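Asker: Sequence:
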Amino acid sequence: MHPNRVVRFSFVVGALLVAAVASAAPDKVVKIQPILVAKSDGSDVSPDLSYASYLNKIYAQAGITFEILPSHQLNDDAYYTFDAPDSDPSIAFNKVTAAGKGQSSDPLVINCFFVHAVTSVSVYGFGYLNQPYAVMDTSAIASFSALGRVDTFSHEVGHVLNLDHTDDTNPGTPDIENYLMASGGIRNVPQALGDVYPDGLGYDRMLQSEIDIARNSQFAQAVPEPATMAALGFGALAMLRRRRKA
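The letter at position 50 of the sequence shown is residue 240 when you use my numbering, and the numbering goes up by one with no holes.
This list has only true hints and no planted wrong ones.
Simulated crosslink set (DSSO-like; lysine-lysine; CA at most 27 Å straight-line):
hint, residue 1, residue 2
1, Lys229, Lys285
2, Lys247, Lys221
3, Lys221, Lys291
4, Lys247, Lys218
5, Lys291, Lys229
6, Lys285, Lys221
No lab work stands behind these hints, which were simulated from the structure alone. All values reported here derive from a predicted model rather than from experimental measurement.
Full structure from sequences and hints, please.
Answerer: Rendered as structure tokens:
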């Protein structure tokens, strides 16, 4: 490599590191294992409707970011149309916890089943309080609007992080319909990233008490300190310098 190119590359790496250290980065990370469900013959794979850009902006309020792992495909008619009767919650729970369905072996990774449709109950999705499982009805989410119901996944992840509905826990909250954990029947759903709090219409806001609960969830793990990342970067720069001298 030409020496001048090494110098320019080193300068770019250094600038990126300074910018990364200077920015207020989230200090908690939550890992997601998407499980995309198809029919038993492998056709009609359900889409990943996590809307990651919305997910990360919403939870930036809590200093939480997300790592979405490579998806698994599950070919199973019994999951493609996912029966979840209110009369017997064990039916759905037994499905999401059944071995060999694409779930992560790490108990601190949230397993999300993206299914074609949820039957026996009218929901866009559901998540289990303080349990690493959620189910998304992708047909319902996608048909909500041209863009889709972009905060359903974020809302259900909130349940996994041990958050209940704001209208149950804090019913007197002003403009409660603008909060992430407001029940689906009353919640205002953004249709542009610029309308997620603190911008625009201020949708999908979180109370401080909800932020505290989410941050203390077992699924919200610490990320490396910026100083650690900087040290790794400076080590890389040193290697570049040595390579140039060689």
